[in-house]
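Asker: Just need the whole structure built from these sequences, with the hints factored in.
There are 2 protein chains.
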Amino acid sequence: MTKSDCPMYNETSCSQCRLGKICLPLTLNSHDIVKLDEIVKRGRITQRGEHIYRANDPFHAVFAIRSGYVKTYRITDDGEEQITGFHFPGEIFGMDGISKSKYTNSAKALESTAICEIPFARFQELTVQLPSLQTHFFQLMSQEISNDQQLITMLSKKTAEQRIATLLLTISERNADRNMSATHFRLAMSRTDIGNYLGLTVETVSRILNRFYKEGLIVLDQKEVQLVEMQALRLTANLDE
Amino acid sequence: MTKSDCPMYNETSCSQCRLGKICLPLTLNSHDIVKLDEIVKRGRITQRGEHIYRANDPFHAVFAIRSGYVKTYRITDDGEEQITGFHFPGEIFGMDGISKSKYTNSAKALESTAICEIPFARFQELTVQLPSLQTHFFQLMSQEISNDQQLITMLSKKTAEQRIATLLLTISERNADRNMSATHFRLAMSRTDIGNYLGLTVETVSRILNRFYKEGLIVLDQKEVQLVEMQALRLTANLDE
DNA sequence: CGGCCGGTTGACTAATTTCAAGCAGGGTGG
DNA sequence: CCACCCTGCTTGAAATTAGTCAACCGGCCG
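Residue numbers (this note's numbering), protein chains in the order written: chain Z, 4 to 244; chain H, 4 to 244.
Check each hint, because a few of them may be wrong.
Identical chains share a label here; the pair holds if one copy fits it or two copies do between them.
[What the hints assert, rightly or not] In silico EDC-like pairs for lysine to aspartate or glutamate, Cα to Cα no more than 20 Å straight-line:
(1) Lys105 to Glu164
(2) Lys105 to Glu84
(3) Lys24 to Glu120
(4) Lys24 to Glu227
(5) Lys226 to Asp40
Just so you know, the hints here were simulated from the structure itself, not pulled from any lab data.
Answerer: Here it is, written out as structure tokens:
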């Protein structure tokens, strides 16, 4: 029986969760973490393709990923989907809902995913007692702003090749942060999702990934990717040739 | 002597500031506003082209605009400017700096601009006493996330025409919120800035604005714009033809 | 077995960029 | 005071990137 088969696996408390350093403030002492633990609803499993919330649902909580991958997306004026983020284990999402008391994005699991739910009202009460928790949450939101602005820059200035190289390298970094391989991983999202996120068509994504493969920058087998020439990829990502 | 010539004009306290409803929480009672007033450094004038802060400056404050216009921008990997937002009177900016304790954007005045500075450390202390202030600030940051994601959607999916029509309508709305004309206004930013923000070249911006003019959708005289066919503009913004 | 979905590949098309030139206004120095 | 220059803006023609359309493949599901 592997770790993830254990029925208790997804019930791990925050203080024991391996992802703590990513998802929780480093500054919380163990006593404070217990308080947070008490309000977190832990480890609900969401199946691939299921929603965690939908746009216009009343905002009530933010969410942390224990395992698995999630995409968040908005619906454009003319009814199309625009993916605004892919979310990795240990990351928090759902903060877009705060300002209007309802979510502006929808969130969908890219694979079977374990989610911790953090009810926002209770969380906010807690921040009054724990100022460092408030600081951490401000930082999380600010981080989200920074991420979004990085995507803005990418969409505004980079070529298709640069966008795809950048995405691969970003995933690589985020994996490394989680002590997973920085060079060999499985893409949780479809080609269509990648194109949608990067403002490209599926065809373009397919062509460029295969070009990278033919050029020896990466090895590609379905969703499995191996980054072979990291330096060349970095060059491609920033400056092209 | 007009209002704005008065040397005290830019020293108006928060409680008296006409922009209060936009920049401050509606929920603060007058007693609480006084507390906020005490920490705000009011009405510094920044001249056109001057910076309020630069990327990598240590983060110490967020800023509110009393009058005038500000653009915020990042520097891309290859040293180019990417404008991430235009900011109007009553708006708060500088929140991107929180997560890394330094600003990730630079902020520059588009014209002579009066700025209120809100030192963040003192502000955060205050939020402990005034939970509604904390709520308001969460909302402001969440709003910023929403705005950025709207721009992402625009850059990812909209044509040049749609982007420009959308920008004009957005400015129109923001003016209306400030009891200014929704149909007749002066663009604070250059054509180059517009192009940069929307992910287009100056030439494209120029061509399309003039096309709108020839089609009778707008009247255009330098930076002065008049929106003539609002409905047609709305159609153009969303669906094109 | 048939159909559907996700992905790939090719040929053609169209949107926007690039390059180049010119124009008007504002400010500066001779 | 005028010539000059610089910047911001405009306009045209050519070049290029990514999109569109269409066909095809393989795996999976009912």
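Asker: Hint by hint, which ones does the structure fall short of?
Answerer: 1, 4, 5
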